[in-house]
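**Q** If you want the building blocks of each chain, they are given just below.
Protein chains: 4
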Amino acid sequence: MADDPAAMASACATAMWAEDRASQALRMRIIDIAPGRAVLEMTVRPEMTNGHGIGHGGFTFALADSAFAFACNTYNRRTAAYRCDIHYLGAVREGDLLVAEAVERQRTGRNGIYDVTVRSGDTVVAEFRGTSREIGGALM
Amino acid sequence: MADDPAAMASACATAMWAEDRASQALRMRIIDIAPGRAVLEMTVRPEMTNGHGIGHGGFTFALADSAFAFACNTYNRRTAAYRCDIHYLGAVREGDLLVAEAVERQRTGRNGIYDVTVRSGDTVVAEFRGTSREIGGALM
Amino acid sequence: MADDPAAMASACATAMWAEDRASQALRMRIIDIAPGRAVLEMTVRPEMTNGHGIGHGGFTFALADSAFAFACNTYNRRTAAYRCDIHYLGAVREGDLLVAEAVERQRTGRNGIYDVTVRSGDTVVAEFRGTSREIGGALM
Amino acid sequence: MADDPAAMASACATAMWAEDRASQALRMRIIDIAPGRAVLEMTVRPEMTNGHGIGHGGFTFALADSAFAFACNTYNRRTAAYRCDIHYLGAVREGDLLVAEAVERQRTGRNGIYDVTVRSGDTVVAEFRGTSREIGGALM
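The listed protein sequences derive, respectively, from chains A, B, C and D. Using my numbering, read the first sequence as starting at 1 and increasing by one per residue. Using my numbering, read the second sequence as starting at 1 and increasing by one per residue. Using my numbering, read the third sequence as starting at 1 and increasing by one per residue. Using my numbering, read the fourth sequence as starting at 1 and increasing by one per residue.
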């Protein structure tokens with residue numbers, strides 16, 4: 001499988017998902033996985049809304065963060081988020097289907113930078129950038 | 001109440017909390033509120049753990065984000081997060097009681113900067129910085 | 001010229017450059033301009049090195065910041081940086097020719113997000129993300 | 001000197017300054033040094049102004065970045081900036097005396113987080129946060 005990066009990426013995602021109770025509990029779904037890339041989606045449920053009647057940013061962040069985690073863990077090297085930032089660009093409402101697309105921007109040594117765009121339909125609702133660091137060990 | 005900033009801050013938090021289904025569903029608790037300041041806590045439940053067997057960063061972020069939201073909404077001016085970043089400094093585990101303390105760093109015109117420190121016991125597990133912008137209207 | 005975005009972008013850059021004593025003093029050069037895009041270069045001079053014998057991050061930042069400024073001011077709407085971040089990915093040395101390429105990632109209402117990659121030869125030495133806001137008025 | 005953290009911090013700053021051609025060329029001055037802390041000042045010269053007739057953000061950043069570098073190098077462990085962000089909060093003009101105060105927020109293992117506030121008189125013109133990493137070796 002080390003010879004087939006796409007198969008490796010898929011296998012890593014399957015292994016990660018099995019343990020990822022958080023992403024499961026938020027009812028995220030993995031739409032696409034490739035080396036350095038992941039697309040996840042999640043529907044905004046009523047209990048994800050905040051005091052202004054719109055989606056709590058924490059859940060938009062959680063979706064982006066999971067997409068980032070799946071993208072940076074496609075090489076069978078256990079990798080953790082070190083630092084993340086998010087810009088909120090549009091309001092999210094109950095019932096919206098959010099799609100987060102994570103792509104690798106840089107990967108040098110044990111460090112990586114990943115950009116995640118979160119969309120609701122055609123509207124970009126958030127831009128996220130995450131910094132990852134390999135923490136040692138394999139996923140499988 | 002406009003003459004009593006502390007009472008105003010408390011009343012804003014009560015009004016926010018009543019609508020904030022997300023923070024309620026995550027079983028956060030407000031520990032302290034003052035003008036430009038909020039302390040919230042949350043216990044890490046099993047469904048908040050991720051594929052590495054540790055707390056999913058999205059929930060640590062959500063707690064910090066809620067503390068930030070309560071802190072920046074203590075003036076009865078409806079204020080939203082515009083941008084946030086988080087540094088993860090230590091692992092969070094199931095059962096940990098996380099405490100997020102948000103303090104105002106700057107507030108100029110309609111914009112604010114808030115720093116949030118998240119601790120588990122005496123250990124700082126995350127440092128968060130949020131940028132807020134007043135979006136018009138009052139909370140009450 | 002409003003009908004020709006490329007000509008508008010060039011004219012904006014010419015107008016900006018004439019007033020931009022800082023970028024001139026640092027001997028930056030504009031390599032390419034297009035709507036939402038700018039490429040600038042600068043050679044690392046001895047007085048840009050720091051206490052570790054390598055390029056002071058402030059000058060790498062300044063190049064990225066200028067590329068960002070030229071890219072977000074290609075629409076003849078006076079636009080200022082509001083917030084920037086930079087990741088340093090590789091060391092810069094005296095004599096290096098740095099090339100910063102700024103591209104627009106989002107532009108909604110008066111706000112924009114621009115990503116700038118700084119290279120020395122084929123090596124990426126920094127990734128920069130800037131947030132801009134229109135401040136009113138035209139450049140020309 | 002290892003027994004006297006204040007003396008160590010001063011000696012580190014002296015050693016750093018001697019090599020730091022960039023901070024010298026920008027005519028920065030060190031005002032105060034203590035373990036994990038540094039205060040630097042710089043006057044905004046004509047060649048530091050940009051295309052909007054105000055101080056180019058790159059020089060405000062450079063001052064903050066130098067304050068950060070001096071603060072994180074007060075332990076005689078060679079430490080480099082890994083990532084920085086800056087919020088611009090007020091305009092800087094030719095002739096302004098800028099004062100940057102860097103304080104340590106976290107230092108765990110080889111990593112640190114430093115907050116830098118840049119003021120012009122009583123006005124905060126920028127808030128900066130830097131992440132540092134020890135790169136091995138001593139300063140002296």
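Hints were generated in silico from the structure; no laboratory data involved. Honestly, I wouldn't trust all of these hints.
[What the hints assert, rightly or not] The following label-pair restraints were derived from C-beta to C-beta distances:
1. B:G90 / A:E47: 24 to 30 Å
2. A:A6 / D:M140: 48 to 54 Å
3. C:Q24 / A:P46: 52 to 58 Å
[Claimed, not checked] A few chain D residues facing chain B, derived, Cβ under 10 Å:
4. Q24
5. H87
6. Q106
7. T108
8. E127
Each residue gets a CB set at the ideal place from its N, CA and C atoms; glycine is no exception.
**Q** Hints first: check each against the structure and report whether it holds.
**A** Verification of the hints:
Between G90 of chain B and E47 of chain A the beta carbon distance is about 28 Å. The supplied range of 24 to 30 Å therefore holds. At about 51 Å, the beta-carbon gap between A6 of chain A and M140 of chain D stays in the expected band of 48 to 54 Å. Q24 of chain C and P46 of chain A have their C-beta atoms about 56 Å apart, which keeps the hinted 52 to 58 Å range intact. Residue-level restraint check for Q24 of chain D is violated (minimum Cβ-Cβ distance to chain B is 31 Å; threshold 10 Å).
The beta carbon of H87 of chain D comes within 6 Å of a beta carbon in chain B, closer than 10 Å, and the hint placing it at the interface holds. Given hint, Q106 of chain D at the interface with chain B, holds; its Cβ is 6 Å from that chain's nearest Cβ, closer than 10 Å. Taken as an interface hint, T108 of chain D checks out: its beta carbon lies about 6 Å from the nearest beta carbon of chain B, inside 10 Å. For E127 of chain D, the shortest C-beta to C-beta distance to chain B is roughly 6 Å, which falls under 10 Å, so the interface hint holds.
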